[in-house]
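Chains as they are written, first to last, in this note's numbering: chain R, 1 to 250; chain S, 1 to 537; chain Y, 1 to 524.
No lab work stands behind these hints: they were computed from the structure.
Please note: incorrect hints may appear among the correct ones.
[Unchecked claim] Derived lysine-lysine pairs resembling DSSO-like cross-links, with alpha carbons at most 27 Å apart: (1) R:K219 x R:K242; (2) R:K151 x S:K421; (3) R:K58 x Y:K65.
As the structure is a prediction and not an experimental result, all values here were calculated from the model.
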Amino acid sequence: MDDKLSQTVLYLDGVNVSFDGFRALNNLSLVIEPGEMRAIIGPNGAGKTTMMDVVTGKTKPDSGAVFFDGTVDLTKMDEASIASLGIGRKFQKPTVFESHSVRDNIVLALEGSREPGATLFGREGAAQTTRIDELLRIIRLDGKASWPASKLSHGQKQWLEIGMLLAQEPKLLLVDEPAAGMTDAETAETAVLLKEIARTKTVIVVEHDMAFVRDLGVKVTVLHEGSVLSEGSLDHVSADPKVIEVYLGR
Amino acid sequence: MRFVLSAFVALLVSALTGIAPAAAQTDLRALINALGAGGFPEIEAGLRAITQAGDSAAVPAVTALGEGDLYVRTSDSQVVIAIERARGQFALTDAVTGESLGEAAEAEIERIRLNNRVRRAIRDTLGALTLMSDNPATRLAAAQAVLRTGDSEQIPLLDTAIAQETDARVLAVMNAARAVAIVRSDRPDEEKIEAINLIAERGGRDAVSILGPIANIEGPVGDAASAALAGIENTQRLWAAGQNVWYGLSLGSVLLLAAIGLAITFGVMGVINMAHGEMVMIGAYTTFVVQEIIRTQAPWLFDWSLAIAIPLAFLVAGTIGVAIERGIIRFLYGRPLETLLATWGLSLILQQAVRTYFGPTNKQVGNPSWMSGSFELGGLTIAYGRMWIIVFALAVFAGLMILMRATSFGLRMRAVTQNRKMASAMGIRTPWIDAMTFGLGSGIAGMAGVALSQIDNVSPNLGQSYIIDSFMVVVFGGVGNLWGTLVGAFTLGIANKFLEPYAGAVLGKILVLVLIILFIQRRPRGLFALKGRAVEA
Amino acid sequence: MSGTIVGRVLGLCILVLILIGAAALVLYGTLPDASGVVIDAADMQMIGVWAVVLVVALAVQSSAKTLAGQIVAGLFIALVVFAGAMILAGRVIPPGQPFHLDFERIEAAVFWVSAAVLALAAIAGLAALGGLLWGARIGWTGYLVVAILLLVAVAVPVLNLWTAPTHPLHVPNYAVSLFGKYLTYALLALSVGLIWGYCGILSLGHGAFFALGGYAIGMYLMRQIGARGVYANPDLPDFMVFLNWRELPFFWHFFDGFPYATLMVMAVPGVLAFVFGWFAFRSRVTGVYLSIITQALTYALLLAFFRNDFGFGGNNGLTDFKDILGFNIQAPTTRATLFAASAIALAIGYLMCRAMVSSKFGKVLVALRDAESRTRFLGYRVERYKLAVFVISAAMAGVAGALYVPQVGIINPGEFAPENSIEAVIWVAVGGRGTLVGPIIGATIVNYAKTVFTTGALAPYWPFVLGGLFVVVTLFLPKGIVGTVQMIWNRMRERRAAAPPREERNADGHGTAVPPQANPQLAE
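With the hints as extra help, turn the sequences into a complete structure.
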């Protein structure tokens, strides 16, 4: 048991979360191996976002175990500490800093000391400038670095947020509906980007767009009413009668 | 001697046949005149006869005898009361009726002399006459007199009087008087201790003053007194605490009235109205205007002034509230901090407007008759005014509860409080709800002003004195739930009043503020906070 | 205790020191001729305050994570230990025993230690400012404002002292104090604008910090009166003699030393802000709730300082000052110097704030103002940032108050009134909330208007004007004067450039070095 635990990046066991009587997570158990990319799908209210809330520390589970890297108990930490551990999250609604420029968004997210003293007296070094420019290139916003983030399109904001996520140099990325509101072309590009990222990091993607999930080509976990309904390749879960009944339809 | 005997017989006969007062009076005269004849034993016997007769009309004569003012007129052997006016000159009054009988020289009258036995007999007679008078008020007065003096000689008389006493109130005083007399006497210890317990039961300041000196005496009696004293002091402390609770409830009711409008507005709209205090002030001034009009036009309506002022204040303040919402707040939707500032500016304007129109000094607002005075409840003093305010506050609270739970308007209000966007999506006209809510909150504040005008000064600054406390109630009690405001208001009121005797009014207030700041640590949204995702937004 | 090894060692040393001190006390207590040890109520109060400050110092120490922070915290604790030693030597150990110190000795020790600390703080402050300016990039507008302020700092005294009264540019004496007052108000406005515009914290109680600084310097000035008061008591101020007090309350000690008083001007508001902020931000109290609590704080202080037995002059406050640092407080040269000092303080304050918001620190502040939750998710300890800015802002307000009191000649508890704090907020709103220059301009304009109104026939209308300002500014001019000007300027530049939106010069023109590009590839 301990062996299994230590080889995981994320380990959830029997997690329960209730909001005023409504069971958001019901005995949820999930294991993510290092370096894998996992797609999590499921109908509305299945608990996908709540699961991410629990992992990132926004919501405390009523019961159950949540471990990062096999040893770190996430239920005992708050958002900022969890973020410092190397768990990054991209939100369902793009939440970039609208009053900052594109570049400043990356600067804020860039890996480095979060202490007030460091931000007060620190100066951007050459290495950091290089990294920022690199990231801007990856997310195709290097031409708009000085634009205020509020002026970006929805798709661009999504990518900016992915860029911010990358800037944190996280070990585990939680990406919530990255293709939402994007055109087909953008969606395809997002899949390419994520696959690139997954080569070096562990990624969990929550999505509704089945074409996108197929594009990713990874193991899929289906959530329903707060617990795991089915797990396996997309073809496997698509054929599972339970999943068809509840979510995918015939 | 023969004279006395015949008087006795006459008395007996009259007693047996229940003679008319005039006849009684004649007999009484005879009895009193009997005091003038004979020596000391005769006087004693005469006094006993008077005691037997039980006619309190004899009291002046017997009292006069005790004071040495009873004389016999040598001319007709009438017994009279004579007071020396000038040297050798006496003014005579009838011993029975008290009428003036003119003047006499010293030579014409002879004083009735006394010895100690006679004096005792006089005391007994007087005591008996008053303690066993037909008039309960006289009996009460007599018993209270003994209670004061604690004369142990009166104990046998008291025993007799107690045995035939029917009035409960008088009986209680007689028993207490008997107890006091026993304690001061030489009776055996067990009796004294029993008496002490009786006194302790009565309690009060009198008991403390009676038992105080005795508590220092060595021995079982002293111990009993000390124990009794401790018990009494405990009871007094409890009553004092109870009085504090009462004051706390009174303050809490005022805070409830002042804060509930604010809580509703904050719950539904998320805005803190800094001009809320001024709504209260406007309500108070409305009361003043109503009373002024009544004073000059229809003074007989004065007792109804509050009943008229309350709905009027509600309308006036409520209308101003709706105007504020439509005119200013509506444009600041989603910006609570700016709303705070804008309403602060409004409060300055309103204060100055009232100051300019009515003047900066306090205005006289009178209490109707049913709001004045107080009554006792156990050891508590309850003022009518404060009692009615508590009743009023609870009535307003109940009314609001009904409004929120049982009317469609209340339902819509609650919907908007919990999830504005959803409510709007379901067709609830949120702008209208906002305006009405703000009007409601302001209107209640106006009514609070009517209540406040009864217990506080009415000046342009009235609002400012209650606004911070109202904020604290809202912060402490939480929003979205009327019960929170109720509990918050009464808790803060009682806490304030409890800290006052120990820390003084100012320090007590400071302590309450600090406690609230610390309380917020555990529950940042107050006691009865709304939970869930929508609220976090 | 946390973090670096140095911090741990420091903490351990201090703990050992405290233990030694405690042991000494106990040992002394058991010696046969220690019977003279008497601890009365005043001593208990003093020790109580000392214990509270010690706890705060330990809290600061535990929350400091960087080396610099640990050193500062260690210094704080060292000072507290020093204070404890002074209490021990002066009050607890009876005269005649070894280690007892006479009060004069203690006063001298405190004077020199506080002078040393002040010097150290000044040097550290200048170094920090330098570091800030090196790390951040302030636009030319920032330096322009500083230059203007320094110019004013020189020009007005010159025009007052060295021009004849008939000269057209002569500045009359009363105007020097009046404008100096405006400058201190501007500094207060700056402190409010810093936390409101950049942290989103609307403090309705900043007047409390202003007043505390004012009282600190007032206490110094009262001690300077010496025997020249009405009751001619060299040790006690008049109001204490009037109340039949025998000796100075313990918290008045050492205020005759200027370095100590200056430290208190910054430390008292700072410590209060630290304690208050630590509680408030840790429990994530925000928005309207926080504003109400700040208002309650200043109201509580108002009640306390109004009491005659609180030891600060009661409802009359502190007044009748004679001199400051040996100079007659009424003399024109002193007034001119105070004016210059106010202008310079404002300039330094502005520079510091400008550097802060232009650095990455400032970016974090704006981020947590607009999306606090998101900032937390990025790993930033939002409470720390808020606390840091809150404490700095409070210290600035304290300095403003300390410069205000000598120029106005009085400090009374009315300064704690919530109305004053809220008025400071409107200065910022009128001037421009998201900027640093805005509060300065707003404070000057509104106070000038106030002077004009309240000294003339229009006096009764001032509350209408002020109230109206609140309403009008929030409804129609939410960005304030400077903000609106900036917005119009930006729009005009956009229109001229015709194509993509340019870098919006946010807040105080902190910009990046990347020039704006041509058309975007992805369509809007």
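Agreement of K151 (chain R) and K421 (chain S) with the hint, judged by alpha carbon distance not exceeding 27 Å: Given that 27 Å is the threshold and the Cα spacing comes to 25 Å, the pair holds.
Does K65 (chain Y) lie within 27 Å of K58 (chain R) when you go C-alpha to C-alpha? Within the cut-off at roughly 24 Å; holds.
Keeping to a limit of 27 Å between CA atoms, is the pair of K219 (chain R) and K242 (chain R) held or broken? 17 Å, holds
Of the hints listed earlier, there is not a single one the structure fails to meet.
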